[in-house]
Structure formats: C-alpha cells, structure tokens
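Please work from the sequences and hints to get the whole structure.
Under this note's numbering, think of the first position of the sequence shown as 322, with each following residue one higher.
Hint data in this document are derived by calculation from the structure and do not stem from the laboratory.
Beta carbons: idealized from backbone N, C-alpha and C, even for Gly.
Incorrect hints may have been included.
As the list claims (entries may be wrong) - Just the calculated beta-carbon pair ranges, DEER-fashion:
1. Ser636 <-> Lys897: 52 to 62 Å
2. Lys920 <-> Asp729: 14 to 24 Å
3. Thr576 <-> Asn858: 45 to 55 Å
4. Arg589 <-> Asp865: 58 to 68 Å
5. Ser522 <-> Asn617: 41 to 51 Å
6. Arg902 <-> Pro542: 38 to 48 Å
7. Ser597 <-> Ser522: 42 to 52 Å
8. Met954 <-> Gly743: 32 to 42 Å
9. Phe863 <-> Asn617: 25 to 35 Å
10. Met894 <-> His531: 19 to 29 Å
11. Tyr950 <-> Ile847: 39 to 49 Å
As the list claims (entries may be wrong) - Once the Cα atoms are required to be at most 35 Å apart in a straight line, the calculated DSBU-like pairs of lysine-lysine come out as:
12. Lys675 <-> Lys782
13. Lys690 <-> Lys740
14. Lys635 <-> Lys526
15. Lys841 <-> Lys897
16. Lys909 <-> Lys934
17. Lys920 <-> Lys851
18. Lys955 <-> Lys788
19. Lys851 <-> Lys745
20. Lys781 <-> Lys811
21. Lys690 <-> Lys903
22. Lys635 <-> Lys781
23. Lys740 <-> Lys609
24. Lys934 <-> Lys897
25. Lys934 <-> Lys903
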Amino acid sequence: MLIYRNFFFVIVSLMSTNFGLPISFKDLVETETNESETELTTKSDVLILAEESIAKHTTKPNDGLILTEETVIEHTIKPEVLISTEETVIEHTIKPEVLISTEETPMEYTTELDVLISTEETTVEHKTQTDVLISTKETSMEHTTQPNVLISTEENTIVTQPYQNPIYENFFIQNGYLNTTCYYNSGNDDSFEHDKSVCFSQAVKDFQTHLGLEVTGEINPETRRFILNPRCGVSDKFIGMNSMRKRNYLIHDTTWTNSTVTWFVDGRNNNGILPSEVREIMQKSFQKWADVTNLNFIEVSNSDSADIRISFQKSSHNVGQTDQDFSKEVYAHAFYPRTNQEPLDGDCHFNDDKKFSTGNYSVAHSSGKISLFLIAIHEIGHSLGLGHSHIQGTIMYENYEQMHHVDDLTHYDIDGIQKIYGRKVLPVTNDSIMATTVRPKVVCPTTVDASVQISEGNIKKTLVFNKENYYVLNSDDFGIAEGPFSVSSKFAGVPYVDAVFTRGDKFHFFFYGDSYSVFKNYSLDIAPRKISDGFKNFDTSFRDVDAALSIDCHVFLFKGDYYWKYTLELSSMQYKFDYERKISTHWKGLPSSINGAFKWHDVHEHRKIYFFKGSEYYRVNVENFEVDYGYPMKLSDSFLKCTSKSSKRLFSSFILFTSVLLTVWSFM
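See the structure below:
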C-alpha cells in the first residue's frame, strides 16, 4: 500500500512539474506522524514523516516531501520534491527538483538535478547539471558535466564527462588555456568530437598544472572551485613572448627602467570605502614592495603624469578604445609595465561591482567581502612586472581563496620581485661595520631531525634541529653560525623536535612526542594539540613522527615502514586524511625509518624531494616519486667548522648540502 501511495504522489509531482498543472502536494495532504523529529527553517509546503524519521531542511526545501521507515535526509538548498522510502540515506546540496529513490540506495547530488529516479541498490554520484537520469539494478554511475538524458539498467557502469560546457569553454579560451584552432577545427567528421574532447582535456591539464592542482584533465570538484572562485583577471598565458618562468613565479619581459615609480589613485567606489581610506590602503600596498626592493614609489596628483593609475571600474568598462570587461569571477586586473598598450601600461582596475573591505581577511570572511589591501598588493605586483606564482598561499597566486592567513609577502613573492629589481640595499652605518676574524666554535650535534626556514623581518634564517636543541645556519660559508640553543627558549612549549613542515611560507608545524604546535614564524599560533586531534585516523597513542613533508596542499607524515597522506581543506583549513600506505609501495627505492625530509625547486622548475637516513641522502623525483638514478649518495664533510670530530662528518654534510641549495635558490 505504501508503494502505491508513493507512486501516486510521484505521478502528481511529475505532472505538476513537467506539464505545468496547478497541482501541489499541499493541496493533497499535510500531516506528521509517529515519533518524528523535524526541523524546518524555510518554506516547507508539505512534509510527511513516519516511523522514527529525522529530516533537516535549511533553505527552501520542498514543495512535497514524504519520508518513511528510518530515513535520514539532509537538504540544504531548494529540493522541490523528494520521496524516499526504506532505509535510504540521501544528501542533496543544490536544487534537485524531483527525486524518487527506494530500497537501500545511497546517493549524493551536488548540482541542478531536475529529475532523478533510481531503484534497487544503485549508487549514483552527479556533480553538474543532470537533467534526467533513470538507473536501476546495481548500476554505478558518475556524471560530471551536462548529460541531458541517461538511462541505464542491469549492472551497467557508465562514466560520462562531456566537454561541451560554455562556462568552462569561455574560461579556458579567455585565459589562454584552450587552443581554439585545435578545439574548433580539428579532425574530420568521424574524429571531430574525440579531438575536441582531447583538446579540452589538455586545457584542463594545463590549468591544473599552472595552479599546482592534481593533474587529471577532468573538471573535478577542486578544479571547478578554482574556476568559479574569486580570482585575478591577469592571464599568464599572454604574459609576453620573452617572459621567463623562474622556479615559482613568472616574470614579464618588460619592467620599469627607473628606480622611482609614480602612482595615482582615483578612490571613488560603490563599496562605501572613503577615498582617503583607499589612498591609505594603496600607500601600504606599495610599501610592501618597497620594503624588499630599491624601488621608490611616489604618489602624484595628476593621473597623466603617473606610471601606475589605480581606479575602480564597472564589470563592463573600457580604457581609451579598448574594452576591458571583468568576467564574473574576476575582482581585479592589472597591466604589465611598458607593454606599448597606452594608456594601460602599469594600471590597476578593481571591479566596482564586487564587495571589498578595508580589513586584511580573505574571501572566507563571514561578511562575504574581500580585502582590498591584499588584492592591491597582488595587482601592484603585476604592475611591477611580476606574474602569477603556482605556489598556493603566496600573494601572487591567482586564486584569491588561497589568501587565508596571508598578511605579508612570502619568500616566493620576494624572490620574484628581487629577480627583477634586485635586493634591498640598506644604508651602511658604523654599527654594521664589524671586524670578524674567527667564528666561535660550536659543538656539532650527533643527528639532524628537521630543518626549517624562519622569517626575521625581510631576512630568512635556516634552523636545523637536534632533539631539544637548534642551530642557526650560516649561509655565507656553509657552517653553523650559532648554537646550540634550547628549542623551548625560542618556541614556547616545544621541548624537542621530531619533525617540521611549513604551510605556505610562515606557518610551521612542530611535531614532538604525541603532540604538535603551530608557530607563525616565532609566535605561537596554535597551542599544543594531540597529533590525533589535528590529523585524523591516528589514535591517541600515535607519537614520534620520523619526518614530515608538505607539497602544495598535501602533507606526508612518515614513521617506520609507513607514511600517511593528508590534504588541506581550504574551507576549514583542516587536514583531511587521504590514505595510509607502505613507503615502499609509493616512494620507490626509499628506505624505511628515515631521519628527515625537505623539498626543493630548481631553476628549471623541476621539483625534487630530499630524504636523509644515517650518512646518506636520497633525491626523489616528484613526478614519479622514485629515487633518482645514482642515489643514495654519501654526505660530504666539507666546510663545517665544529669541535666535535665524532659527529662532524654526518652533520657537516647535511649543513653543506642544505646551505648550497638555499644559497643558489636565493640568487636565482
């Protein structure tokens, strides 16, 4: 009887939805029965709950909803009609209009399902714009983009990912990732559709590579988020014929030739920010770049005499005879210096149809606004000739969502701008002239457990750790400059160090025993926590990490024969567990029980990872996670000035190797 009743409501719903008939569940029934617990917050027209069901709706849930027999359902955005029966678990997040499911079916829908009918132990996942889907009998399906009609039956497996999506097409074309000649003119009649798909997939791969994402060639949820999130409108694909990729950033082929650069700002805007506040924000933004270069920025009162002109513009706007429209997701764009695009050279435009704030927070802020200060620093970087970085967390990363906790230039940003204009030269004073002939001897540690680079103003110091002590590395002559010092004297609450990794540029995660603490440079940011609290999947007894390594948004923790991978969720800034595996299954040629690890980017943009164990070190290629040919190699004992002969060989080699890499890096 229950099935017939449900079928009756389905027919009524479909007639109302698809044929425009003036029929509503509300006209038929409005009841609630049997120990049900219900929370409805917005516009629920009809709700029927029976037999210990729990339903929670937060936003415009439904015209009709019938739940029976131990069903748990959560809806967050506009499901109009939903009927589910018999131990079904369903989660909907965006606009399913009609959904019928029966008999132990788990389903997850994320975007614009118009009609979905599924029965009998079916698992279905839809991500984007499925208009009609009917599936039955043990079918597994995954749809990612615009299948209009799909019907599958009897143990079929179907994966569809059509490339035809105007939103994505336009995005990749506008930003130079999609080769239009390949996309629109390739292949004969038989191969044309295949060739288009190949072209589109390559565009997706290029985009994912450029932003440091997992390269799949598919519009997965992470890639889609990066496409649709607030971003900068500058395209690195059009940066210039002679542009250079230097490690972690792009450099334009034209720059300002004078050390003095003038700027003018028209602070009128629709955000309610006073022009005087806009002016102050721009002054602070220019100062960020002045602090690390020898550039002198001077504000002028006449826009015609300014090198860089800053203004707020509508989404559709033009300068001179050139249209400079903002696309939907773009908050600002800027123009590189001396590009023969007068009157655009060096200019910054902020989208006046977007919401900006005078605060330092990012788009994650509850106000929905984005920091004008942070975006101004980013866009001025372009006006000085610096392109985008693919390192997430930097000021010059093109996706503004990554500006969580960023309030200063990272060393990647500083490296890039100093490659163009040189390092900051400080005036010489009598206090800085010192006669140093002999360095005080220090006692070498017996082991090296971790290494980290810390900012002190505009200076980077490299620290190496040996349990409860740390040493300061002298990068000029490859020796230990100072130490040993107590770890707890500099990093409050940290008794010793097992491993360290760095998120972004200045948030350092120190592991010791069964706990970890997070420091923003030397300042405590997150008080000591159990490793199991911040890194799920470990039980409370987990302790003594061998090594820690951060690669983009991923963190790898090593201990014994195993390693664990975690991924940073940007919405919560929490690390989500991915998997646990044996080191030998993924890191080919790497031994177990390693002592330490760190990553390196060379001048050719090849990323390498170095692991240390005993008196040897291993170099791993990040592309295939295999130990490079010729490794492991013995560590050298040159250039270390220590008093402990017994431990000199191992530690001197580590210091020399790390120092050489950091020194070469700083001059690139």
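- Taking each numbered hint in turn, which are not upheld by the structure, reported in ascending numerical order? Failing hints, ascending: 1, 6, 9, 12, 19, 21, 22.
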